[in-house]
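Protein chains: 2
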Amino acid sequence: MRDVAKLAGVSHQTVSRVLNEHPNVRQETRARVLEAMESLDYRRNLAARTLVTRQSHTLGIIGFETTLFGPASMLYGIEDAARTAGYLVSIATFRNLEPRPVLEAVDRLRQHAVDGIIAIAPKHAVTDALEQAPAGLSCVAVGGAGGTDGVPTVRVDNAAGARLATRHLLDLGHRTVHHVAGPADWPEAQERVTGWRDTLVAAGAEVPPIIPESWNAETGYVQGQSLARDPAVTAVFCANDRIALGVLRALHEAGRRVPEDVSVVGFDDMPDSGYFLPPLTTVHQDFAELGRLSLALLLEHMAGPESPAHVLVTPELVVRASTAAPAAGRRRT
Amino acid sequence: MRDVAKLAGVSHQTVSRVLNEHPNVRQETRARVLEAMESLDYRRNLAARTLVTRQSHTLGIIGFETTLFGPASMLYGIEDAARTAGYLVSIATFRNLEPRPVLEAVDRLRQHAVDGIIAIAPKHAVTDALEQAPAGLSCVAVGGAGGTDGVPTVRVDNAAGARLATRHLLDLGHRTVHHVAGPADWPEAQERVTGWRDTLVAAGAEVPPIIPESWNAETGYVQGQSLARDPAVTAVFCANDRIALGVLRALHEAGRRVPEDVSVVGFDDMPDSGYFLPPLTTVHQDFAELGRLSLALLLEHMAGPESPAHVLVTPELVVRASTAAPAAGRRRT
DNA sequence: TTCAGGAGTGTTACCGTTCCCAATCCCGGC
DNA sequence: GCCGGGATTGGGAACGGTAACACTCCTGAA
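Protein sequence lines correspond, in order, to chains A and B.
At position 326 of the first sequence the residue is numbered 326 (UniProt numbering), and the sequence of numbers has no breaks.
At position 58 of the second sequence the residue is numbered 58 (UniProt numbering), and the sequence of numbers has no breaks.
Derived from the structure by calculation, the hints contain no laboratory data.
Any given hint might turn out to be false.
[What the hints assert, rightly or not] Quick partial rundown of chain A residues pointing at chain B, CB under 8 Å, derived from the structure: (1) A48; (2) T50; (3) A85; (4) L88; (5) A92; (6) T93; (7) H124; (8) A125; (9) L248; (10) P271.
[Claimed, not checked] Stretch by stretch, here's where chain A covers chain B in the computed footprint (C-beta under 8 Å, at least three residues): (11) 216-222; (12) 242-254.
[To be verified] Partial selection, computed: residues in chain B whose CB lies under 10 Å from chain A: (13) R30; (14) R43; (15) L46; (16) A48; (17) R49; (18) A72; (19) R110; (20) Q111; (21) A288.
Remember, predicted model here, so these are calculated numbers, not experimental data.
Cβ atoms here follow ideal geometry from the backbone N, Cα and C, with glycine treated the same way.
With the hints as extra help, turn the sequences into a complete structure.
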C-alpha cells in the first residue's frame, strides 16, 4: 500500500479511502490511485484489515455428514450466495454429535474470526450446542430441527411433506400406508413420522408399527423384505429416496410388482430417483435453495440481531411411476 | 494477550513463547502463563498472527460440481485430514470451466492468504489455469486430469479401472463390451474410454461406437434404450453408476433381463449401487482417501517444493449381481 | 578467578490496514 | 476583504501478535 501511495503521490490514508470507496476523494485523485494499484498489481492484505476492523469477511459452516446429497447441496447453495455477498466460506465438520466436537468446530471457526456461522444441523445436539455459543457471533441453523428459539432456523416442513405423500397414497385408494422411518434421533425423521401418522389418524386408517433405523438403502432393503411378505401391504412411504431404493429391490425380489401390487413413495427427490425401477414418486426439496435462504437469514441477523426469524419451506410432491391405485382384488380384501 | 501477561506477571513476549511452545521457558513460568490464559479464556488472534507470519493456517479448495458424490467425498476427506494437520479449509467454487472464473476463485483464496490450494479439478481447464497461478503458492490437483507437469496431482487410474471392468466381462464369455461414455471433455471419461477400448483391441474384440454425453442417469436411459433394441448387445460398461442406473431401467423396460440377457458394469461404487436392481457390479474408488492423499501431498509440497510428485491410485472391481456369462444360445450366435 | 556461553526474560520494532483528529484548500455569504 | 464550513488530504496511533536483539543470570571449563 505504501508503494501505491508513493506512486500515486498521495498518503496511504488516501489509498485506503479509495479502497473503501469513501465519498470524499476527488475524482482525479481516485483515478490516479486506481491506476497505481493496477500497475503494481496491488491487493489489499485482508489479515491486516481483519486485525483492525474485526471483520474477516469469512463465514463458517459447521456440518455433519456433508458427503450426503442434502448437506452437500446446501453447502453449495450457501457458498454460491456467500460469494455474491462478498464472503468466503470456511468449513468445519465433526464426526459425532456429542456437544464437545460441535463446540470445538465452532471454536475453530471463532479462532479464525468468522463473521457468522451457519450450521447444517440435522440434530438437536447441534442447535443445543449452538445456543451455548458466545453471544456476539451470529448463528443460523439450516435443515433440521426447529423449535430452538435462540437460533434462527431455515428448514423444510417435513411434516407437511409426509402428509403430502401419505395423502397421495390414501387418495389413490389404499387402506393404509406403511412407513419405513429414518433414524429416531434425527428430527427430520421424527417429523416425517408425525406427518405420516397424523394423516392416517385423520383418515381413520390403521397406523402400522415402524422400526426407525438409518437413512440408507440397506435399511429399506431389510425392512422391505418383511413388508413384502405381508400381503396386506399395498403402500409404503419411505423416509427418503435411498430407503425407497432398498424397498424397491426387496419388493422386486419377492415378486411383488411396483406399482401394481405395492405403491412406494420416497422423500428428497435425489437427482436420479426419476430413474429408479420404476421411477420414484417422491417429495421434492430444494436443498441448494435452503442453503441460499439460510445465508440471507444469516446476513440479516448479522446486520440487526433483533430478528430471531424462522423460515419454513414447503416441499412438493413429485408424482412418477411408483404409485398407483391398489389392485381391485386386493382393495376388496 | 496484554492482560494475560499482566496477570501472569511476565512480558507479552513470554506469553507468545508459551503459545508457540518455545523451549526456553521455565516450567514454572509456563504454568503460570497457561493458568492466566485459562482464567481469562484467552484465545490468540489469528489475524494478527497471520499479519506478521504470513501464514494463515488456512487451506483453500477450489471445486466444480461439489454437490456430486465424488467431489463431496473428496472435500470431506480433505477437511478431515486438514483438521488433524491444524488447518482450516475455505472453499471457492466456480460455475463454468472458462479460465477466468477459475482464476477468480484462486484469487479470492489468495486474498484471504491461504497457505495452499487443492483443486478438485476434473478438467484440463482447471489445471491449466492453476499453472498460471502465482509462484510461491502451493497447489495440488486431485481427481481428474493427469499429465500436467507443473502441478502435483492425485488421481485414480481410470484406464486401469476400465480395463478391470472390460476384462471382467470378456472373461465371462462376452464377445464384446459396449460402453456408455461420460462427457467427452472430462479427462476421467476419456481415460475410461481408452482403458475399455485398449482391452477390447487387445482381446481382438470388436469396438462398438460410443456417444459421449453426460454423467447422469438420463444419458444411461436414453442410450440404454438403443442398446436394448440391439440383440447383439450382451455386455455394457457404463462410465459411472448413475449412467448404469439409467441403462438398467432401459433394459428392464425393454424386457431384457440383467444379468441373464445383458450384463452391466458401473464405475464409482456409489453408496447405494449395491441396492440397484440388480445390485451393480462396479469399479470402486475411495474418494475420501483421495482427498486425504491430496492433502498430504500439498503439505509435502508446502514444506519443500522440490517434489512435483504424482500419486496414482488403483481402483478395484466389486463384483455383484449385474454381471454373468452370456446366455448359451446367444453366445453361439 | 575469570570468562564463554546458554537459558530465561524483557524491550523495541514491525506486519498492513483503518480510525481519529488536525491541517489545508476552496467556496459562498456578508 | 473576512470568515464559517464542507471537501479533501495527511499524520500519527492503534489493532494483537512475532522477530530480532539485548540483557541478566547461572554454570562449567580454563
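Cross-check of the supplied hints:
1. A48: Given a least distance of 5 Å, the restraint on A48 (chain A) holds.
2. T50: Hint on T50 (chain A): holds, closest Cβ of chain B at ~4 Å, below 8 Å.
3. A85: Since chain B brings no Cβ nearer than about 13 Å to A85 (chain A), farther than 8 Å, the hint is violated.
4. L88: At about 5 Å, which falls below the 8 Å cut-off, the nearest Cβ of chain B leaves the hint on L88 (chain A) intact, so it holds.
5. A92: holds, 7 Å
6. T93: At 6 Å from the nearest chain B Cβ, T93 (chain A) passes the 8 Å test, so the hint holds.
7. H124: Status violated, d = 23 Å.
8. A125: violated, 19 Å
9. L248: holds, 7 Å
10. P271: holds, 7 Å
11. 216-222: holds (count 5)
12. 242-254: holds (count 6)
13. R30: Not OK, violated: R30 (chain B) not within 10 Å of chain A, min 21 Å.
14. R43: holds, 6 Å
15. L46: holds, 5 Å
16. A48: For A48 (chain B), the interface hint holds, since the closest Cβ of chain A sits about 5 Å away, which is under 10 Å.
17. R49: holds, 8 Å
18. A72: Since the shortest Cβ distance to chain A is 4 Å, the answer is holds.
19. R110: At about 7 Å, which falls below the 10 Å cut-off, the nearest Cβ of chain A leaves the hint on R110 (chain B) intact, so it holds.
20. Q111: With a closest approach of 6 Å, the Q111 (chain B) hint holds.
21. A288: holds, 8 Å
Checked against the numbered hints given earlier, the structure breaks hints 3, 7, 8 and 13 and satisfies all the rest.
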